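Number of protein chains: 2
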Amino acid sequence: MSTEYTESLNKLIEEFGDLPGIGPKSAERLAFHILKADPDKALALAKAISDVKTNIKRCRTCFNLAEADLCGICADPKRDKSTICVVEQPKDVTSLEKTGACKWVYHVLGGHIAPLDGIEPTDLTIDKLVERVRAGGIEEVIMATNPNLEGDGTILYICSLLRPFKTKITRLARGLPAGSTIEYASGKILTDAIIGRRELD
Amino acid sequence: MSTEYTESLNKLIEEFGDLPGIGPKSAERLAFHILKADPDKALALAKAISDVKTNIKRCRTCFNLAEADLCGICADPKRDKSTICVVEQPKDVTSLEKTGACKWVYHVLGGHIAPLDGIEPTDLTIDKLVERVRAGGIEEVIMATNPNLEGDGTILYICSLLRPFKTKITRLARGLPAGSTIEYASGKILTDAIIGRRELD
Chain A
215 MSTEYTESLN KLIEEFGDLP GIGPKSAERL AFHILKADPD KALALAKAIS
265 DVKTNIKRCR TCFNLAEADL CGICADPKRD KSTICVVEQP KDVTSLEKTG
315 ACKWVYHVLG GHIAPLDGIE PTDLTIDKLV ERVRAGGIEE VIMATNPNLE
365 GDGTILYICS LLRPFKTKIT RLARGLPAGS TIEYASGKIL TDAIIGRREL
415 D
Chain B
215 MSTEYTESLN KLIEEFGDLP GIGPKSAERL AFHILKADPD KALALAKAIS
265 DVKTNIKRCR TCFNLAEADL CGICADPKRD KSTICVVEQP KDVTSLEKTG
315 ACKWVYHVLG GHIAPLDGIE PTDLTIDKLV ERVRAGGIEE VIMATNPNLE
365 GDGTILYICS LLRPFKTKIT RLARGLPAGS TIEYASGKIL TDAIIGRREL
415 D
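First to last, the sequence lines map onto chains A and B.
Note that our numbering gives residue 330 to position 116 of the first sequence, counting from 1, and the numbers run on in steps of one.
Note that our numbering gives residue 294 to position 80 of the second sequence, counting from 1, and the numbers run on in steps of one.
The hints are simulated quantities; they were obtained by calculation from the structure and are not laboratory data.
Treat the hints with care, as some may be off.
Same chains, same names: a pair is fine if it fits in one copy or spans any two.
Below, simulated DSSO-like cross-link-like pairs (lysine-lysine); rule was C-alpha separation at most 30 Å, straight line [said to hold, decoys possible]: (1) K250 x K317; (2) K382 x K250; (3) K342 x K292; (4) K255 x K267; (5) K239 x K402; (6) K250 x K342; (7) K317 x K271; (8) K250 x K295; (9) K271 x K305; (10) K380 x K317; (11) K255 x K239; (12) K250 x K271; (13) K261 x K271; (14) K312 x K382; (15) K261 x K239; (16) K305 x K255; (17) K239 x K250.
Just so it is clear, the structure is predicted and the values come from calculations on it, not from any experiment.
With these hints in hand, go ahead and build the complete structure from the sequences.
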């Protein structure tokens with residue numbers, strides 16, 4: 215399909231087609247958009263792509279995305295450095311930050327333990343988390359991995375390493391998602407909701 | 215939404231989001247894909263974008279896409295230069311070429327006449343087509359604009375300019391699309407099919 219245009223255009227269609235969720239038709243449409251677009255606008259996209267590859271690294275402390283040695287959150291003096299919220303991915307940091315309820319700092323694991331997929335604890339930043347806790351001054355570690363088998367397994371493993379430090383370890387609450395209906399909630403969700411039920415004031 | 219990540223990543227999400235058919239969620243997904251991708255692969259996309267803007271121009275003769283002065287078709291000595299097929303867009307050339315039935319050369323108008331949208335005959339390459347016919351050696355001009363009001367109007371206008379040259383002017387056949395059913399064909403299609411009916415040998 216893409217052997218029909220000029221060399222540069224074929225190449226661009228091919229590159230767009232390699233992106234996730236972009237089929238051959240979309241790739242062609244995007245390439246023609248670039249072809250017709252204002253050169254400044256098109257080159258801005260090219261520059262944005264190479265900038266991301268050049269500028270973005272991992273925060274030295276928490277492994278969140280950063281453009282300096284420290285990420286914006288670790289560099290913020292107003293943050294409570296005694297509480298570490300442990301998440302799997304940088305995207306999870308963003309989701310939690312959007313609530314506006316977080317004053318803590320983070321630790322980004324880089325995924326979850328999944329031996330069957332070849333992801334061992336050493337592939338994650340777990341040792342760096344243990345180091346942070348060992349260094350002292352940490353009052354609470356909040357586990358915010360995904361509420362599934364892998365996330366829970368990762369929590370168990372991390373807990374076994376952190377237990378000697380006597381730091382408080384918590385986990386995000388589980389139960390009925392706000393806005394849902396009990397009728398359609400799964401057994402697992404209802405079980406979590408029943409086990410975690412709270413007394414009303 | 216995109217104010218949540220680092221500066222470079224926000225910028226890339228914004229640029230992806232400006233592409234047609236890419237919503238905020240897709241833009242974020244693509245940007246994270248670039249972030250995780252092999253640097254060579256990501257930079258290949260950036261280069262492909264800037265190459266398209268730098269390398270692709272219009273064929274001097276037919277205004278098809280080209281990376282040299284002439285497009286591949288005009289530069290091909292095996293092509294029959296006495297027959298010009300007039301199309302609206304470079305994409306139409308590709309569609310026709312895919313049939314493998316074309317030995318002719320093309321003339322790409324760059325659109326159709328649409329005064330209500332502000333597209334006047336002077337915005338298209340119609341004068342260059344007239345020049346090619348005036349230069350002589352053209353036996354047939356095949357009109358292959360889209361079979362709709364604007365395409366037909368454009369044909370009428372071009373015919374009025376080409377008539378003095380006594381070159382044969384033809385139009386692509388209209389009728390029932392192969393593989394369709396009469397039951398679901400529109401009145402316009404059926405009318406075309408009836409008017410254009412051919413005697414069987």
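Structure-based check of each hint:
Taking the shortest Cα distances, K250 and K317 sit within 30 Å of each other only across copies (28 Å), while inside one copy they are farther apart (46 Å). In this assembly of identical chains, K382 and K250 lie within 30 Å of each other by CA distance neither inside one copy nor across copies; the values are 58 Å within and 33 Å between. For the identical chains of this complex, K342 and K292 are intra-copy neighbours only, at 23 Å inside a copy versus 67 Å across copies, given an alpha-carbon limit of 30 Å. Taking identical chains as interchangeable, the C-alpha atoms of K255 and K267 lie at most 30 Å apart whether they share a chain (19 Å) or sit on different chains (10 Å).
In this assembly of identical chains, K239 and K402 lie within 30 Å of each other by CA distance solely across copies; the values are 28 Å between and 41 Å within a copy. Taking identical chains as interchangeable, the C-alpha atoms of K250 and K342 lie at most 30 Å apart only when they sit on different chains, with a minimum of 21 Å there against 48 Å within one chain. In the homo-oligomer, the alpha carbons of K317 and K271 lie at most 30 Å apart inside one protomer (23 Å), although the nearest pairing across protomers, at 54 Å, exceeds that limit. Proximity of K250 to K295 under the C-alpha cut-off of 30 Å is restricted to the inter-copy arrangement: shortest distance 28 Å between copies versus 50 Å within a copy.
Proximity of K271 and K305 under a CA criterion of 30 Å is satisfied intra-copy only: 15 Å inside one chain copy versus 41 Å between copies. In this assembly of identical chains, K380 and K317 lie within 30 Å of each other by CA distance solely inside one copy; the values are 22 Å within and 81 Å between copies. Taking identical chains as interchangeable, the C-alpha atoms of K255 and K239 lie at most 30 Å apart whether they share a chain (22 Å) or sit on different chains (21 Å). For a Cα distance limit of 30 Å, the shortest separation of K250 from K271 across copies, 11 Å, qualifies, whereas the shortest one inside one copy, 33 Å, does not.
When the C-alpha separation of K261 and K271 is checked against a cutoff of 30 Å, the pair qualifies both within a copy, at 17 Å, and between copies, at 22 Å. Taking the shortest Cα distances, K312 and K382 sit within 30 Å of each other inside one copy (25 Å), while across copies they are farther apart (68 Å). In this assembly of identical chains, the alpha carbons of K261 and K239 lie at most 30 Å apart whether taken from the same copy (24 Å) or from different copies (21 Å). Within a single copy, K305 and K255 get their C-alpha atoms as close as 27 Å, and across copies as close as 22 Å, so both meet the 30 Å cut-off.
Proximity of K239 and K250 under a CA criterion of 30 Å is satisfied in both settings, with 17 Å inside one chain copy and 24 Å between copies.
Violation of the numbered hints given earlier is confined to hint 2; every other hint is satisfied by the structure.
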